[in-house]
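Trainee: What follows is each chain in one-letter form.
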Amino acid sequence: MTVVGTVLTHSKDDFTFITKYQFKAGEFVCYLMNCNHILARVRHTEPLNDYPVEFLFDAVIDASDLAAFYGLDNNDYQYYRVSAAVVGYFDRTFNEFVNPRVKPLSGTKIELADAQILSDVNRVSKGEVGSAHIGTIMGTNSGAVLSVREMVSQHLSIIAATGAGKSYTVGVIVEELMSKNNMASVLIFDPHGEYSVLSDIQDNPAFCGDDYRPKVKIVKSDQIKIRVSDLRVADFISIMDDGSMTEKMKTFFKKAYDKLKKDDKRKIRNFTKNELQETIESLRDGKNESTIEAILWRYKIITAEKMFDDYQTIPLRSYFQPGQLTIIDVSNIGEWKQQLIADILLRHLFDARKGTDNEYYSEHKHPDRYIPYPTFIILEEAHRFAPQAGEAKSKNMLKTILSEGRKFGIGIAMVTQRPSKLDADSLSQCMTQITMRIINPSDQKQIEQSIESVSRDLIEELPSLARGQAIISGVAINTPVTVSIRSRCTAQIRGQSKDAPGIWRAYKLEQDSNTIVTAPSHKLNVGV
Amino acid sequence: MNEGSNQIFGEIIRIDNVNTYLVKVQSESSFEPGVGEFAGVNSCDGLVVCVIKGVQRSVPEELATLLSFEQELKYLPYNTDFKSSYYIVFGLGVLSDDIKYRIRTAPQIRSPVKRLNKETIRKFHLKDDKPNISYFNQYRETLGDDLLLAISDELMYMLPEASRMLLIVKKYLEGSGKL
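Line by line, the protein sequences give chains A and B.
The first sequence begins at 1 in the working numbering and counts up one residue at a time.
The second sequence begins at 1 in the working numbering and counts up one residue at a time.
Honestly, the hints are just simulated from the structure, not real lab data.
Even glycine gets a Cβ: it sits at the ideal position worked out from N, Cα and C.
One should not assume that every hint holds.
[Claimed, not checked] Some chain A residues near chain B, calculated using beta-carbon distances under 10 Å: (1) 52; (2) 53; (3) 58; (4) 66; (5) 68; (6) 72; (7) 501; (8) 504.
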């Protein structure tokens, strides 16, 4: 162990030590107390002494030269006062950090936390089944390894400002999930169509084992079909209603829908677009002609959408398979359709997992609904699917899965750059958090209120995190830790900022080189 | 200012501690030192470079009644000698082969005290050929800011190359950390 400082004093929440090392917030140190190495997290670092302010006025003369001239010891200005919070010692019996509840005495030697102690930060070891090595603990070479078991069962949030490395981090998480250590069943709901590069995974030997080779399935929006009978009456109305739908029209539509649904149950099959249309038409009584016509006009517009089908629906078993990554690319469809697809997908999946676990569904009788393994869904732009203000078709189902999904093995990763626009309840259900650079104060406030395990001092660090650095907290790791996300094995995800000047110049220069210069059509006066 | 040789102008008649001495300057002395000026006295360690810290010419009558005549001669000589000046001189350091800002041996009683020429003063204030007034920080509390400001004024002339730094130090002393 390398001694790096000495405890100066302590307060209720932390202690301070003096050192010549430049510790960054989030780094770890330790000290010995009662034969236990107590881990402590650096909260902030400030210089111990400042030069007299008058010594700083002259633009030419260095303060250090002045100090030496005046008789101050420049060495005194090389020390830092570091404030650190006690994490505790790792108790192997309980497999967690135990806070000794006693601060170190003044004069206690502070040591660098070595790899052995830092490994206690992780719940699992790198390379172990159920592990996800996503980077290194900041300022060290020690790996940061998440417990996949906890991460996928108790939901994950990945929060970062644009350009902070959010999609990159999702890529790293997916790589780990698809590795032979996990062979996960993962689906990415991709509103920007940026994750298709992850198809590299299936051809990359790094992900293959003896008999294992991950599969990547990319589903484009025109391949997605929603069976009309899977839509609820509220879904229909929300799609049809552009603000001009009267209560009377809604009541008639509901009447038709309920009538058909009751009939549908008796027949034990799903209704078609035409059947619902006929049922609406059957409600004509001579007095409601205009109302029925208005409903039909709206109904025909939505059923003309290719997405709605009489028989085809979301093939859950095809989307969710262990060792398979499914990327639903919904980049070229509108937000309400994205929400609708997400809602129906989540609803079916919840039903399937619940039914399979409760043995309502069997492989033989319900092959499309039988999913006997946990699944993990990554929702990019999660604030679109569970907004804090306003409604989204997918919001209720998402909240249900976030609160009850753990029991049935459905994990959700909520990925967003605007946590303040994401439903606070939903965010608080994500028990593992990967939080990257966030500058917006309202976003920081939302994180502080929704994520219990992240302390105030770590929140304060969010704006100063560099690209690719993240604070990881929650159940997948033993204590919050600042991590440098590792390099990806797969190609870079699109979504990086474009080099606009470079592209403009290249385009213009290429265009100019292709232009054939011809003689002017008018006669030139050459002065002859 | 004394540009040339180191001229004797008084003698030590009392030593309070290794740094502080009382110097008697005869009334016929042509030199009337001012506060902040430099003086020197030899000790067994070398030349003790001193600064004139104060002058005592008053007759503290309330003390005179408490002391015998013999004691007055020893401890309050200015009570009985109204012609001479009595200067409190503070030893800043020792100049021998190198400069030491800690005095370990006091000079002897009756040691002659001399004015220091510019060359000696410069030598005392140059450490590794760089201007140095580190005794300022060391003795700031003992000497007080007013005396240090007076010394700074002396040094502006003696160490012109350090005048810019001296101005900053003066500003610092005048501000007393108010900024």
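Trainee: Next step is simple, just say for each hint if it's right about the structure.
Mentor: Evaluation of the provided hints:
Proximity of residue 52(A) to chain B holds as hinted, the smallest CB-CB distance being about 5 Å (cut-off 10 Å). Satisfaction of the interface hint for residue 53(A) is found here, the shortest Cβ-Cβ separation to chain B being roughly 4 Å, below the 10 Å cut-off. For residue 58(A), the shortest C-beta to C-beta distance to chain B is roughly 6 Å, which falls under 10 Å, so the interface hint holds. At its closest, the beta carbon of residue 66(A) sits 6 Å from a beta carbon of chain B; the interface hint therefore holds under the 10 Å criterion.
For residue 68(A), the interface hint holds, the least distance from its beta-carbon to any beta-carbon of chain B being 7 Å, beneath 10 Å. Proximity of residue 72(A) to chain B holds as hinted, the smallest CB-CB distance being about 6 Å (cut-off 10 Å). At about 46 Å, the closest approach between the beta carbon of residue 501(A) and any beta carbon in chain B exceeds 10 Å, and the interface hint on this residue is violated. With a cut of 10 Å, the hint placing residue 504(A) at the interface with chain B is violated, because the nearest CB-to-CB distance is about 51 Å.
Hints 7 and 8 from the earlier list are contradicted by this structure; the remaining hints agree with it.
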